[in-house]
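Since the structure of chain A is already known, use the hints to place chain B on it.
The residues making up each chain are set out below.
Number of protein chains: 2
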Amino acid sequence: MKQSHLFTKTKKESPADEVSLNAELLIKAGFINKEMAGVYSYLPLGLRVIKKIENIIREEMNAIGGQEVTLTALQDKSTWEPTDQWADDKVDVWFKTKLKNETELGLAVTHEAAITKMMKSFISSYRDLPKYVYQFQTKFRNEVRAKSGIMRCREFEMKDLYSFSKNEEEHNAFYEKANEAYKNIFKRAGIGHITYVTFASGGMFSKFSHEFQTITAAGEDTIYVDENKGIAINKEVYNDEVLSLLDLKREDLVENKAVEVGNIFTLSTRFSDALELKYKTEVGEEKSVFMGSYGIGPGRLMGTIVEVLSDDKGIIWPENIAPFKVHLLVLGGDDNVLVEAEKLYQDLNSRGIEILFDDRTDISAGEKFADSDLIGIPYRVVVSKRSLSDGGYEVKKRIEPTGKIVKIEELINLLTLKV
Amino acid sequence: MKQSHLFTKTKKESPADEVSLNAELLIKAGFINKEMAGVYSYLPLGLRVIKKIENIIREEMNAIGGQEVTLTALQDKSTWEPTDQWADDKVDVWFKTKLKNETELGLAVTHEAAITKMMKSFISSYRDLPKYVYQFQTKFRNEVRAKSGIMRCREFEMKDLYSFSKNEEEHNAFYEKANEAYKNIFKRAGIGHITYVTFASGGMFSKFSHEFQTITAAGEDTIYVDENKGIAINKEVYNDEVLSLLDLKREDLVENKAVEVGNIFTLSTRFSDALELKYKTEVGEEKSVFMGSYGIGPGRLMGTIVEVLSDDKGIIWPENIAPFKVHLLVLGGDDNVLVEAEKLYQDLNSRGIEILFDDRTDISAGEKFADSDLIGIPYRVVVSKRSLSDGGYEVKKRIEPTGKIVKIEELINLLTLKV
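If you read the protein sequences in the order shown, they are chains A and B. Numbering follows this note's numbering, with no gaps: position 255 of the first sequence is 255. Numbering follows this note's numbering, with no gaps: position 314 of the second sequence is 314.
So here's chain A without its partners, still in its complex pose:
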């Protein structure tokens, strides 16, 4: 894509009303637009990142047998009353609204009850189990405060998968697979090395749930990390009983601030009991379906990555989720240089390499470099009179301080190398 065509522009000034680093950088670089506190639009660069994150998640969910659907935001009292989640004193983040006939509706804060109710149409026998169903869908949460940029929003996208199993044993086998799939997701998204499976409160129906916590000073949670074992404990269950259960020692644990980028949760039969999602076993016995839920917010993940992978010049995107792989800059207005840059753009494009081409002619070299650092695309390639007289193009990785001059063959090798 040519940058002269892109409608967004970078901003020199930081937005006055943002205290979070992720919102500040993403707004300055033109990835998102703030509609109001906790409510952000995604601009072309931001949407490209979100779609790459979605695709990683989708591939991992499909690989463990997930089937994709889309449920609805508008929700009915009759769905959430049986699970005791409708009243505002039970779930205090509902946005409520009304039909013309005064029927009260809510905007889904989550979808466990809705999907449990829906699955009653499709599950009746042991032969229908297990099943795994997921969606990417907007959640609405009426948060009192929303100051963490896209890490905590009033309107945000969530991937939520629900598992429906015959019994706890079948559930546990899938739960382990989901755990591995989640590790793959954070690894592929570039934050695997600072993201820990974290033991957290399991609620009424299981001893623990598992959170995926990424270490960052911007996090709202406190966790205790055992580096050697590669696991952590959330402060909420950090006590002697749990330590001994997990065979962890206080002296091996380091306290960190962290943000929860995903969680997996055993629901047991809480929802299936309340909404009567039952199946007949092989011997004709009626049993409640055993459930689990598995969530990741693509926007929160994107915000977290910006918090942990940036420097004073801007964002440093991991290659798998960068909006483009290459930021091609042409410097100066020399006709020959422009022709060479255009040729290179066409050549790389035709090889399926994703390029943002800064073809603007009314911007200085310094501004182009600053924009490129702010936007944070992994490879910067410069075409200038000097680079051409030096024998090619200057290529520099965003994470490295200096670049080098390469010829076309070397550039193509570098950019098409499978990591």
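I should point out that these hints are in silico values taken from the structure, not numbers from a laboratory. Check the hints yourself; a few may be wrong.
If several chains are the same, the list does not tell them apart, and a pair holds so long as it fits within one copy or across any two.
Think about it this way: if two alpha-carbon atoms lie no more than 16 Å apart in a straight line, the pair counts; the simulated EDC-like pairs of lysine to aspartate or glutamate are [as the list claims (entries may be wrong)]:
| id | residue 1 | residue 2 |
| --- | --- | --- |
| 1 | Lys34 | Asp76 |
| 2 | Lys177 | Glu227 |
| 3 | Lys2 | Asp128 |
For chain B alone, kept in the frame of chain A given last:
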């Protein structure tokens, strides 16, 4: 995908509370699930159709220079008051809700004002124009009645593109391109032959808007079609003045019921004036940006296709938007037949052909045929003892009454032929 894996099932009975054909067939066949009146979830088969429709639209919007974004559902009074669209007596389909601090919010019924306000950050000079920005996003409309299945919903996805031009002339050139892109979309989706560009009321700022109306008895609109010229007039502007302006004669026009599957609309400077989206011309003059809007609802398009392309057995999907290209059925429990069918499934899959494989062994041949007709995949391929002894597989198009036996080479040729 194997049908034994798919969690949805067809239903024998029609839903009791649906009066529309599209909802009846789509629910029976397992494409959608009704959450409440006018609010439907998309199940795996339905979501596959929606994504194919989205991709056709996306390709056509990108081809005319569109850049994709995602705006938000939650909307603020300050955005919609300047355009006089906030009060319930001005726009009567708002769902309104509230923040904890009692600030009133609305759920977007459309996004003209929101995008106009956003573009103020990015447009200031003639050099920034023209620009074309679109999204696929959920709209919420508090309709009094919702009885048309997925053709008129309270919550539904819409592709809306907005054009920002320097002046009417530049706008008109893009408007014509959008018109052609829309024709391509409906043609590619399989209803081009019964969809007419229809002159409709233009509101205060232009003589006409243009609707894309598909002829169907289920339509809520009345249009007058000139078959020879391939255009139509909406009843709302069907008068002598308009007829003479368009050089049409009453005797050439045929009255039809139709459903509006898309519309393109000149907004002129209504929104840019109200929200002060201005730019500086080459001579430093300040002018309002000239705007247009261009909408298509993927769900409504899907519902319309089901209304017009179905028979008494079920849906007949056009190939470009069918959930799968091939419905492979294995009949009987003979081990050799099962092995042959599995081999064929793997072979076709490896060639990138999208297949739903009815591998269920607890279902009769009659039930499999009935399901296949109901679901409506373009090609049905049967593997049975008989087909194998006849020398291959029975292939039948959904739109044709009978099939024929073909060998593997012929089958592959047939299924990989570019239409």
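Now the hints, each set against the structure:
For the identical chains of this complex, lysine 34 and aspartate 76 are inter-copy neighbours only, at 12 Å across copies versus 30 Å inside a copy, given an alpha-carbon limit of 16 Å. Neither within a single protomer nor between protomers do lysine 177 and glutamate 227 lie at most 16 Å apart by alpha-carbon distance, with minima of 23 Å and 59 Å respectively. For the identical chains of this complex, lysine 2 and aspartate 128 are inter-copy neighbours only, at 14 Å across copies versus 50 Å inside a copy, given an alpha-carbon limit of 16 Å.
Hint compliance for this structure: hint 2 alone is broken.
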